[in-house]
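**Student:** If you want the building blocks of each chain, they are given just below.
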Amino acid sequence: MTSAAILLIAVFTLWLAASVAVYVPALRRPLRSIDIFMLVPTWKFFAPTPGQRDMHLLYQDRYEDGATALWTEVQPMRQRPWFAFAWNPDRRANKGLFDIVQELSVIIEAGEQVQEFTVPYLGLLTHVSCLPRTTKPVATRFLLMDSSGNARQPDPKPLFVSRFHDL
Amino acid sequence: MTSFSDPHVIAALVAKLAAVSILISNVEYLFARRILTDGGILSWPVASLRHAWLISGWTGRLLGCLLAYPNVLVLIGCRVALAAFVLVAPLSLTCTPWILLPLSFVTVAFYMRSNYGLDGADQMAWIIVASLTLVSVAPGRSVIVAGLWFIALQSCLSYVVAGIAKASARGWREGTFLPAIFQTAIYGHRRLGRLLSVRPALSSMLSRAVIAWECSFPLVLVAPPSVVAPVLLMGVAFHAVNAYLMGLNTFFWSFAATYPAILYCSHHRPW
Chain A
1 MTSAAILLIA VFTLWLAASV AVYVPALRRP LRSIDIFMLV PTWKFFAPTP
51 GQRDMHLLYQ DRYEDGATAL WTEVQPMRQR PWFAFAWNPD RRANKGLFDI
101 VQELSVIIEA GEQVQEFTVP YLGLLTHVSC LPRTTKPVAT RFLLMDSSGN
151 ARQPDPKPLF VSRFHDL
Chain B
168 MTSFSDPHVI AALVAKLAAV SILISNVEYL FARRILTDGG ILSWPVASLR
218 HAWLISGWTG RLLGCLLAYP NVLVLIGCRV ALAAFVLVAP LSLTCTPWIL
268 LPLSFVTVAF YMRSNYGLDG ADQMAWIIVA SLTLVSVAPG RSVIVAGLWF
318 IALQSCLSYV VAGIAKASAR GWREGTFLPA IFQTAIYGHR RLGRLLSVRP
368 ALSSMLSRAV IAWECSFPLV LVAPPSVVAP VLLMGVAFHA VNAYLMGLNT
418 FFWSFAATYP AILYCSHHRP W
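Just so you know, the protein sequences line up as chains A and B, in that order. FYI, in our numbering the residues of the first sequence are 1 to 167. FYI, in our numbering the residues of the second sequence are 168 to 438.
The shape of chain A in the complex, shown without the other chains (with noise of 0.2 Å):
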């Protein structure tokens, strides 16, 4: 066996081995913090808890006048078309903003106030800000609001209002 080859099979041991140690959670975050290129992964596979409800992003627009617009919501849910077990293409926009909704409604569920220039909160303002709108608006505000095809629960509930910001 070649210097080389043992070197490779020691990279991948060391990497499978990485891959076994993020699940002790005395290690996870310094194996994250030096996982730049995303090598190590985190299966879930909706477990131990999944979504079990859908996020939705509204808008409201302030006008020059004082006068507010009614609540929009952005990018709603679509009935999945039947082939998208082959093509998909939508997932991507519903799974990035499922992540980033994800990531603040964490923040308002553990009752912290929320940081204004957390990423979720700007990537969430910088997208309502950027939608296309017949009438120039001087100011928006986001709402999150969470909904269940479940009868039985309560729908829809809101989880957070933003301040309106200037545009």
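Simulated from the structure, these hints should not be mistaken for lab results. One or more of the hints may lead you astray.
[What the hints assert, rightly or not] Straight-line C-alpha distance at most 35 Å; calculated DSBU-like pairs for lysine-lysine:
1. K95/A x K157/A
2. K136/A x K95/A
3. K44/A x K183/B
4. K44/A x K157/A
5. K44/A x K95/A
6. K183/B x K95/A
Please arrange chain B on chain A, whose structure you already have, making use of the hints.
**Tutor:** Frame of chain A; chain B shown alone:
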């Protein structure tokens, strides 16, 4: 039979199946490119604020040049072209470093852009590409076999971790999570969601079957070879059903890509 006992052929098959996942995923990104614009949900000016090195110094300049919109479309176009080459190239040319090194480079660059919107299928496809890239630079038999074992073990790890995590959650054990997931718009299937919510026994049985299958999956590496193929066929069926019911289309290809490696390892055990 001879070719299926050749690790070079197996590595090429793994690469081709992963290439299908990468190809679909990136054509989908091109189709939904609005989300990558500066005001989109995956905006680079916002995502680059995650770390100082993403916006400052030479790394910031380089990544800014590669990842800003619309330049990022070139990067995605390169991923499409390279994945298409891997898919159609003859087996002998599939795992060449001239293709896999650039594919690894554009893949990792794209994943640095934003950690939103990525899923387990992207993660598995990346692990396969990165490990086969390492194999391609020193493609001796022992390295290829080590690479196949690595992919097979990563696949087993993914299932067993998910299975144990599900088994630890009461909602999974009792089957209450399944109807709730299927009633969402993002991953749901309304009719099945409604059926499972009125048939809790069915939901519980399905839930426990998934937990049992995921937790026992690593046994494919020690089970008699005759058992391995049926277990892998169950895996193919599992991901096909998830693709149909939940819209997880690229999971099918990314995880099926690991199965030739598992099949090889289960038939060529060192013990």
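**Student:** Sort out which numbered hints this structure fails and list those numbers smallest first.
**Tutor:** Of the numbered hints, all hold.
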